[in-house]
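> Listed below, chain by chain, are the residues.
2 protein chains.
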Amino acid sequence: MTIYKDARNGRITEEMKKIAEVEGVDPEFVRRGLAAGRIVLLRNLKRADRVKTVAVGEGMLTKVNANIGTSNTLIDVNMEVEKAKIAKKYGADTVMDLSTGGNLDVIRRKIMEAAEPLPLGTVPIYQAFMDVATRKGAGLYMTEDDILNTIEKHLKDGVDFMTLHAALTRDLAAKAVKSDRAEPIVSRGGSILAAWMLEHGKENPLLSNFDYILEMFKEYDAVISLGDSLRPGALEDAHDEYHLSELMVNARLVKRAREAGVQVMLEGPGHVPLDRVVADVKLAKRLTEGAPYYILGPLVTDIAAGYDHIAGAIGGAIAAAHGADFLCYVTPAEHLNLPNPEQVREGVIAFRIAAHAADIVKYPDRAMKVDIEMGRCRGRLDWECMIRLSLDPDKAREIRNQYGPTSIKSCNMCGSLCVFLLLDKWRRKKDEELHAPLA
Amino acid sequence: MTIYKDARNGRITEEMKKIAEVEGVDPEFVRRGLAAGRIVLLRNLKRADRVKTVAVGEGMLTKVNANIGTSNTLIDVNMEVEKAKIAKKYGADTVMDLSTGGNLDVIRRKIMEAAEPLPLGTVPIYQAFMDVATRKGAGLYMTEDDILNTIEKHLKDGVDFMTLHAALTRDLAAKAVKSDRAEPIVSRGGSILAAWMLEHGKENPLLSNFDYILEMFKEYDAVISLGDSLRPGALEDAHDEYHLSELMVNARLVKRAREAGVQVMLEGPGHVPLDRVVADVKLAKRLTEGAPYYILGPLVTDIAAGYDHIAGAIGGAIAAAHGADFLCYVTPAEHLNLPNPEQVREGVIAFRIAAHAADIVKYPDRAMKVDIEMGRCRGRLDWECMIRLSLDPDKAREIRNQYGPTSIKSCNMCGSLCVFLLLDKWRRKKDEELHAPLA
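Here the protein sequences come in this chain order: F and S. Here the first sequence stands for residues 1 to 439, where the numbers follow this note's numbering. Here the second sequence stands for residues 1 to 439, where the numbers follow this note's numbering.
Simulated from the structure, these hints should not be mistaken for lab results.
All copies of an identical chain are treated as equivalent in the list; a pair is satisfied when it fits inside any one copy or across any two copies.
Here are the computed lysine-lysine pairs in the BS3-like style, where the Cα-Cα straight-line distance is at most 27 Å:
id	residue 1	residue 2
1	Lys362	Lys282
2	Lys425	Lys178
3	Lys85	Lys52
4	Lys175	Lys425
5	Lys136	Lys156
6	Lys425	Lys136
7	Lys218	Lys285
8	Lys88	Lys110
9	Lys178	Lys409
10	Lys369	Lys88
11	Lys409	Lys175
12	Lys178	Lys369
13	Lys202	Lys425
Produce the entire structure from the sequences given, and follow the hints as far as they go.
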């Protein structure tokens, strides 16, 4: 019995009550969302007791994921473990291990441990491909069983959600690769599958074995995250026929997952011009009848390399305010290198800003409290409160003291010209009546 | 004869042709925009030959301003000069000297020189107040003549635009200070004027002398930037009656400036929830019949201290995409300290990202070219091109090499699993026909 089936059957389980408590909503609201496939709970039964309650979808606070992991040119397991801890410390809701270099089983388990109690996500096709590359000299020797076995291994290890690029049909892959897109396929998983399909002349194994995969996920009640292999890697490619064609295949897979009683969410782009971010979210929600929408950015310009966390936070804030549920961070190293731990921190905070700005719009009663308190603390020049309420108190304190510890009541930006000091004499005192409203 | 009057009289001057050339639009379009007060040219006749052509308003690319300057607790002129150079190097369109500590005439002239050929803006009330504070022991001894003389001095020195908080009436100030706003007045200029009005029981000198001020600005054909003393300093205060009341006074002042033949723009907030950013811009544009709108951020959350450049870039991108013309940057030091040069760089780049993301929406033909080229360079793994096209090439190169210089064809994020390498074998070659569109 999966949480989805329980919800469909009208049962409010302990887990649903816990979600309701964490989110500050009604348990019946949670049950309905789960039953409709509009909410998913990111956890694998195998280690449900070790993972905090992170629900994603309609009515849930916007969540933030941090991608970490080795590449095959940069394998530093300790650094990846540190990144997992940094992501957790600075408030990521989930971590995905995207490692592609080194002993992937060992690395995944170490990252999972370091990230606990955060749910962990993976992209199992990476390991399927890389393990075969190591064993047989080339990843393209990968068999369908290699892929399915890797998925099962991740499920057994307790991975909570996995990106599966099941919607990239052989036909779509062949056409995309030969297209005049700026960047035909920018998804690594999608590229692996495209290369495999083109090499072997076979259909996407994740698609042809989708029913079997659904059976596996049902057993662990983990979450499928449907990847978007043909997501735009450049503004120019956003919402072209390749992007939309795959979206429609994914929407059908969402339906199949629900019919099988498996929790499923949809992944989205990528690179999208600012004025099409809302349309992107609305379209994805409409086609999937409200599946939780998990997006990467989106970046609203292609020329922000070195600062793509900012370009992504702009798109992410707009997307989340209009219905996206789960933001995958982008770090300043995107498009240039593997991020270092400090860049992981910057990425997490940038996307927490985006998520929170969106939650203020979606759920003002729940999300605005802290902003209201911050405004009041500022008005009182209560620095300890201001620092405590900041998304990254360490950074706030560091900047407050960046020219040396300061004992002034205001700050160095205005010194004695601080607005609160200038006007203190005339401001309303606590025991004064409020002034009548303006005429 | 001011540029505004020339435009009204149907004359297309050399300056208008230059604006048209710089912006890639038609000279007659520029003339009409100037004549309608929907475009301003940021320059003072006194040094027009030393300043580059920076026009702000409808149909003009979105511009970015960098605020720098000393405070009275941190006076390091060399650092401020360095900030001016950093702002210029990283692509700010204008610099404002907001200095309030040290010899303000000397500092302003040094910053002006370092920032050239960028237009320079100031807030003359700061100097009027601080000079009197130095001379007489308290800024509140400031006279109306002190204020007017300071404005004239700045005009004579060639300052191109000045923030004047003329719309803060004595009545509004008294009510705001006694209000239950989270932060009654967060504008320094506004606070100085409020304190002065409350102390002396007199009307705002910038308002009572507005006609005289207009005469001065007309002589130098410099630009008035109408300050928003009652802008929200917290999301909670956005679009309350104080904020809107001052906006309406400012709209009347815009009209008076136009009638006097003086170029004028309007300043805007501040702190605004994401879903009200568009409304904010539309309201300001409607009330002022399209005056160029110059906004500070806006920040879409109050809890991003240490990263307010990101919170501001989110709001700024949305605002600019919907009609705001000129973004005043916010640095990571906002609300905490005076920024250091590196933070000036981060602020400038964050807001250039916001401005560019907006220009892609407003002017795709002009703005998208570089993004299209970037996408194509990425598809070819042309690193020199990718770095060159990035908004901050130094940063992009630094991150590409952050684990040591790399000679791999891809990057460390994906190593040999790079999508472009994986699919190279099957991709369309230059001499191949394009594949037929998808069925």
